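Asks: Protein chains in written order, with this note's numbering: chain A, 2 to 152; chain B, 428 to 578.
Take the hints with a grain of salt, since some may be wrong.
Incomplete in silico selection of chain A near chain B, CB under 8 Å [claimed, not checked]:
#: 1; residue: Ala17
#: 2; residue: Thr77
#: 3; residue: Glu95
#: 4; residue: Leu98
Pulled from the structure, derived: some chain B residues nowhere near chain A, Cβ distances all over 12 Å [unchecked claim]:
#: 5; residue: Val457
#: 6; residue: Arg461
#: 7; residue: Ala506
Hints in this document: simulated from the structure, not taken from any laboratory. All values derive from a computational prediction rather than experimental measurement. Don't be surprised by glycine CBs; every beta carbon is placed ideally from N, CA and C.
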Amino acid sequence: MTDLDATDRALLREMARDAGRSAAALGEAVGLSQPATWRRLRRLRAAGILAGQRVDLDAEALGFGVTVFLGVKLATKGRVSLEDFERAVTAIPEVQLVEHVLGMYDYRLRVVARDLSDFERVLRRRIMTLPGVGDVEANVLLSDERCPGPI
Amino acid sequence: MLDDLDRRLLRQLQADPNLTAADLAERAGVTALRATRRLARLEERGILKGRRARIDWTALGYAVAVSLRFTLEKAQANAFDAFIAAAREIPEVVEIQTFLGRVDVRLYVIARDMAHYQQLYRDRILALPHIAELEALMTVATLKNDESLPL
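Isolated chain A, as found in the complex (with noise of 0.2 Å):
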């Protein structure tokens, strides 16, 4: 489904910065009548492209000051060591992404944490020891901005 057109593109791109409003208050946003708001966002549900909410919080307040990102490369590959190592690596609560890439590494993961030391107890106690973990570059995140995209 792409035929969206310029009301639905708007409502987007509300959702997509604050969607815990009522339909009414984002109707009047994108100029709709609260049905109609409600029933093209229940078309834009039902087509999968409105996949769901996360909730924003203050990370830094919340004591959790540092998220690195790391290239991870497989030391041994086959299926069994794949399926081991993502099983293993979901688990951790520290990593919030996970993702299988293909390039110079074999994952990218986001792994957040108090601060650097926590960190390094993180990347010791839980990424080195995963199975079948190869080469990992590590990069300290400064600036996180999200875009629109193209809608």
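Assemble the complex: chain A is given as a structure, and chain B must be docked to it using the hints.
Replies: Relative to the frame of chain A, chain B by itself:
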């Protein structure tokens, strides 16, 4: 700081942002009134910043997603600012992150298909200013992406 109830509420909310105040209260083991008050307090303190809709770009016809990792010509004083300002002008760039490490900037770029990606890469990405080096990681699968904090 947060007390145990704050943590319980935020944990439940992270796990399911669509929960009503009543359901959330029940899961956290308090009355709806108490839960509502606490959440309002967390919002006032800026800890609960809001809810954002997730947009599934695949459902919108964007089948390709690539992490492009750049090192910039850092001898140029304004390299970061100029690069980031230009990257913002590309609608298919959905994330812009800066790092401390081997990678300076990462762009997350989506495209309809490989032909579209090739066109974006040649016409828009390679035209960005102050690129020293560039490498690509193509997303094969996203196995985990909840952006939850381990509260």
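Asks: Does each hint hold? Answer for all of them.
Replies: Structure-based check of each hint:
1. Ala17: holds, 5 Å
2. Thr77: A:Thr77 check fails; min Cβ-Cβ to chain B is 18 Å, beyond 8 Å.
3. Glu95: holds, 6 Å
4. Leu98: Where the cut-off is 8 Å and the nearest Cβ of chain B is about 5 Å from A:Leu98, the hint holds.
5. Val457: holds, 18 Å
6. Arg461: holds, 19 Å
7. Ala506: Since the minimum Cβ distance to chain A is about 14 Å, B:Ala506 lies beyond 12 Å and the statement holds.
Hint compliance for this structure: hint 2 alone is broken.
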